[in-house]
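Undergrad: Those sequence lines, one after another, are chains A and B. When we follow the numbering used here, the leftmost residue of the first sequence carries the number -4, and every step to the right adds one. When we follow the numbering used here, the leftmost residue of the second sequence carries the number 65, and every step to the right adds one.
In case anyone wonders, no lab produced these hints; they're calculated from the structure. Since we're looking at a predicted model, the values are computed, not measured.
Here are a few chain A residues that face chain B, going by a calculated C-beta distance under 10 Å:
| # | residue |
| --- | --- |
| 1 | 97 |
| 2 | 147 |
| 3 | 230 |
| 4 | 231 |
| 5 | 238 |
| 6 | 239 |
| 7 | 241 |
Positions of the beta carbon are idealized from the N, C-alpha and C atoms, including for glycine.
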Amino acid sequence: MKTVNVSQITQNIKEMCIEANHYLAPDMDSALKNAADTEKSPLGKQILNQLQDNLQIAGSDMIPICQDTGMAVIFMEIGQDVHFEGGSLEDAINEGVRQGYVEGFLRKSVVKDPLIRENTRDNTPAIIHYEMTTGDNVTITVAPKGFGSENMSRVFMLKPADGIEGVKNAILTAVKDAGPNACPPMVVGVGIGGTFEKCALMAKKALTRPVNQHSDIPYVKEMEEELLDKINRTGIGPGGLGGTTTALAVNINTYPTHIAGLPVAVNICCHVNRHAVRTI
Amino acid sequence: MDKHIKAPLTDEDAKSLKAGDYVYITGTIYTARDAAHLRMYEALDRDEPLPIEMAHNIIYYMGPSPAREGRPIGSAGPTTASRMDKYAPRLLDLGLKGMIGKGKRSEAVKEAIVRNEAVYFAAVGGAGALLSKSITASEVVAYDDLGTEAIRRIEVENFPVIVVIDAAGNNLYETAIEKYKQE
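Turn these sequences into a full structure, and let the hints guide you.
TA: Right under this line is the structure:
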């Protein structure tokens, strides 16, 4: 049994909100560098070079990489031998987001009610996903999500008869419809199987997997490679202004599903695919 | 082709810009996004004056992150333009000459651009730190209560944009993609 004071959660989440909005994780950083080297379109190359400059300025001058510093999506993997003390865990998480966004000069992009739309002015509440694991570790992933790309995400309730070709078509359709709106080069997170909400959550989680890491399942890995190639042949390119780099990765997660269904969720992320991970 | 233009935008400059031109804007422009557009739209419905002049001006679809001390603005990249499609034709008919954003526009917006000989520019999405370096001053001029969504007058110097839809109705998003498609 390990005891964790929730103030430690607050402090870590605050720092991670600021970190994720100013520095990309090494996997994203090198994928963008490679893209700038291999892009065929001169304008596309120019845009990718600007993104390099942008990352450099963000880190050195502490200006967020993108002004849409996102809604704070937080994955909490909690070992079942952990005991929290010092107050409500959920309050502690939101307090970390509040401190990070207020003290870190991050944009407050959250409205209190989806229809009345009054800004909460501290970017809370976060979107929190809890997952119980074995052991006594707490792993926190902070993934601020911008809405230019979130708005282009989709859930398709396919039929079993649609098969793998139906799944591939659904993913390509979502990417083509997103086009320039999603700030390509994008990262495509996909969830296949489960239920309506499970596939959406898997797609979101897939975005936090490093872009240089494929699925462990051989046929899924093949699908990731094939779809990335197809997406990069659409011509959409950097900024949607034409080119050979439309996506940096397709990350697919799968789960058992019902005999009657084939749910597919496509969560699109822009090139500012932010994730900070810490284990306590 | 690289071009340098001044803002506000003259009729001649707006007409001379072609889809695909790489343009550096210097001068005064305004920011407005979803909530500010809704308020302006409602003001027009009530026959009230708009808080900013439309004629010859450029609206940048942008809501910045807060400025650190000593800086005019925080991160300042474009937001998705299509969310303003409902409001844009009416503002174009009132003389708005340019819009800066990212992403596709509706047919109605394209028609209003052609009808008014205006222009739609894209700035590079997700390059807010870099773009903030071309902004030298920023002041909230209306709807202060909207926070990041308030209308700001900003001074820009060599602000880099690309012409996507020109006054003749050419659309770079459609033509450029065809060039690199390998399906």
